[in-house]
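Student: Sequence:
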Amino acid sequence: MQPDLLPLVLTIAVCVLTVMMVIVGVYLIQVLRGVKQTLDRVNMTIDLAEMKINSIIMPLQSLGGLTSSLGSGLKVFESFTRWLNRSKS
Numbered sequence: 001m002q003p004d005l006l007p008l009v010l011t012i013a014v015c016v017l018t019v020m021m022v023i024v025g026v027y028l029i030q031v032l033r034g035v036k037q038t039l040d041r042v043n044m045t046i047d048l049a050e051m052k053i054n055s056i057i058m059p060l061q062s063l064g065g066l067t068s069s070l071g072s073g074l075k076v077f078e079s080f081t082r083w084l085n086r087s088k089s
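Each residue of the sequence shown is one higher than the one before, counting from 1 in the numbering used here.
Calculated from the structure, these hints are not laboratory results.
Misleading hints may appear alongside valid ones.
What the hints assert, rightly or not - Straight line, CA to CA, 20 Å or less: simulated EDC-like cross-link-like pairs of lysine to aspartate or glutamate:
hint, residue 1, residue 2
1, Lys36, Asp47
2, Lys88, Glu78
3, Lys52, Asp40
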């Protein structure tokens with residue numbers, strides 16, 4: 001009777017381990033799906049924040065270009081007035 005007991009115990013142990021591994025695998029798949037959904041939400045949030053920041057920065061960049069253009073225009077105007085003053089002298 002002893003020789004027949006060992007294969008039975010090993011078969012039961014292998015079956016229990018197989019069931020446990022399947023349960024762990026299914027749970028792992030569910031966890032990974034949750035992580036993927038969370039990462040997708042984080043990615044959408046970052047994209048939205050980037051769009052909002054860009055919408056705030058674009059007018060400021062335009063304002064910087066405007067001030068640069070005004071500065072260049074003033075320099076040209078100053079040079080022109082100096083040239084006119086030289087012509088009068």
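Student: If a hint holds in the structure, say so; if it does not, say that too.
Tutor: Consistency of the hints with the structure:
1. Lys36 x Asp47: Roughly 16 Å separates the two Cα atoms, so the pair holds.
2. Lys88 x Glu78: Roughly 15 Å between the alpha carbons, so the hint for Lys88 and Glu78 holds.
3. Lys52 x Asp40: holds (18 Å)
This entry satisfies every hint, going by the numbered hints stated previously.
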